[in-house]
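*Asks:* In terms of full-length UniProt numbering, the sequence shown opens at residue 1 and continues consecutively.
Hints are computed from structural coordinates only; laboratory data are not their basis. Where a beta carbon is used, it is the ideal one built from N, C-alpha and C, also for glycine. Don't take every hint at face value.
[As the list claims (entries may be wrong)] Simulated restraints on C-beta separations: (1) ALA117 to ARG155: 33 to 43 Å; (2) THR63 to MET184: 45 to 55 Å; (3) ASP284 to GLY168: 57 to 67 Å; (4) GLN327 to VAL303: 17 to 27 Å; (5) GLU146 to ARG202: 40 to 50 Å; (6) MET174 to ASN153: 46 to 56 Å; (7) VAL175 to ARG306: 52 to 62 Å.
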Amino acid sequence: MAVRLNIKGPKNLFCDNFDVQFYLHLRCVVLLQGEGFDVMKSGDARVALIGFPSVGKSTLLNTMTSTHSESASYEFTTLTCIPGVIEYNGANIQLLDLPGIIEGAAQGKGRGRQVIAVARTADLIIIMLDATKGDIQRELLEKELEQVGIRLNTRKPNIYFKQKKGGGISFNSMVPLTKTNEKMVQLILHEYKIFNAEVLFREDCTSDQFVDVILGNRVYMPCLYVYNKIDQISIEEVDRLARQPHTVVVSCNLKMNLDNLLEEMWEHLALLRVYTKKRGQRPDFEDGLILRRGATVEHVCHVIHRSIAETFKYALVWGQSVKYSPQRVGLTHFMADEDVIQIVKK
C-alpha cells in the first residue's frame with residue numbers, strides 16, 4: 001500500500017540538526033494508525049471499565065456521570081475511549097468507557113492491546129460482566145489480563161532480586177518454601193540467561209511469582225467485578241454472585257445497587273479525605289484534601305504547598321488516627337479518613 005506523506009512545518013524544517021528519517025517514520029505511524037486512543041489522566045483517581053461487548057459499560061457511564069456514551073443492544077457500539085467524571089465524597093474520579101474486548105485481545109485481536117494499554121494506567125479496573133452468562137466471561141477476561149502482565153487484587157511478591165556482574169547465584173530464604181525451591185529458582189534464572197544474581201525470598205511464593213519479579217514489568221492493580229443485568233436472573237443466582245470476593249451486583253437499566261457500587265469503588269481505590277483547619281477557626285469541610293490510604297502528615301504538607309514541610313514544627317490532628325483529639329503529631333503520623341489537621345510552623 002502506497003502512503004503519501006504531506007510534510008508541513010516551519011521554513012527551517014530541514015536544518016542540519018533535524019532528523020528527516022525519524023520525522024518520516026512518525027508521519028507514517030500517524031497515517032497508518034489513525035486517531036489516538038488514550039485520554040489525559042485527570043481527577044483524583046482513574047477507573048477503567050473493561051468487558052465484552054454489550055455488557056452495559058456505556059449504560060453505566062451514562063448513569064453515573066453526565067457523559068453520553070453511545071449504547072445499543074448490538075455489539076461494538078463504543079469504538080474509542082470515552083471519559084466521564086464521578087463526583088463522590090469530594091473526589092473527582094475519572095471513569096473510562098473502553099471498547100468491548102474479545103477473546104484473544106492479548107494477541108491483538110480487535111482493539112484489545114489498546115484497551116489493555118489504557119487499563120494499565122488506571123488506579124482501579126472494573127470488569128463489567130453479564131450476569132446471565134455466569135462466570136464464563138470473568139474467567140476469560142482474567143486470562144486475557146494475566147497474559148499481558150496485569151495482576152488483579154494481589155500485591156507484588158516480597159522477593160529481593162538483583163543481577164550482578166559476577167559471583168554466581170546467591171540464594172537465601174527467610175521463610176520455609178512450600179511452592180518452589182532453590183533448584184527451581186536456579187533453573188528459572190538459567191532459562192532467562194541469568195547466571196549471576198542475588199535472590200532473597202521474604203515470603204513463600206510460587207515459581208510464577210518469581211518470574212514476575214525477574215521480568216519487572218508486571219502491574220498489580222485492584223479490581224472490582226460488576227455483574228450487570230441482575231434483573232434477568234433468579235434471586236438465588238444474584239445471592240451466589242454477590243457473595244464472591246470483590247464483587248458487586250447491579251442493574252444499570254433499573255439503577256439498582258449503584259450506591260453500593262460507589263462505596264466499593266471508594267474502598268478499592270483506597271482514598272481518604274483530610275480536612276484542614278486554621279488556628280482559631282472552624283475546619284474547612286467544604287474543600288477537603290483527597291489522599292491515598294497510608295498518607296502521612298508530610299504528604300498533607302506537600303499537597304497544600306511543597307514549602308510547608310521545610311518550616312513544619314508540629315501538627316494537631318482530630319479524628320480516628322489519634323488516641324485523643326487534638327493530638328500533637330509529627331511528619332510521619334499516618335492519617336485516617338475524615339481527619340482534621342492544623343499545621344503549626346516554626
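*Asks:* If a hint holds in the structure, say so; if it does not, say that too.
*Replies:* Verification of the hints:
1. About 22 Å separates the C-beta atoms of ALA117 and ARG155, a value inconsistent with the hinted range of 33 to 43 Å.
2. Hint check: THR63 to MET184, Cβ distance near 49 Å, so the stated range 45 to 55 Å holds.
3. The given range of 57 to 67 Å is respected by ASP284 and GLY168, whose C-beta atoms sit roughly 60 Å from each other.
4. Under the hint 17 to 27 Å, the C-beta atoms of GLN327 and VAL303, about 21 Å apart, fit the expected range.
5. The given range of 40 to 50 Å is broken by GLU146 and ARG202, whose C-beta atoms sit roughly 24 Å from each other.
6. Separation of MET174 from ASN153 is about 25 Å and departs from the stated range, judged on CB atoms against 46 to 56 Å.
7. In this structure, VAL175 and ARG306 break the distance hint of 52 to 62 Å, their C-beta atoms being roughly 40 Å apart.
Against the hints set out earlier in the document, violations occur for numbers 1, 5, 6, 7.
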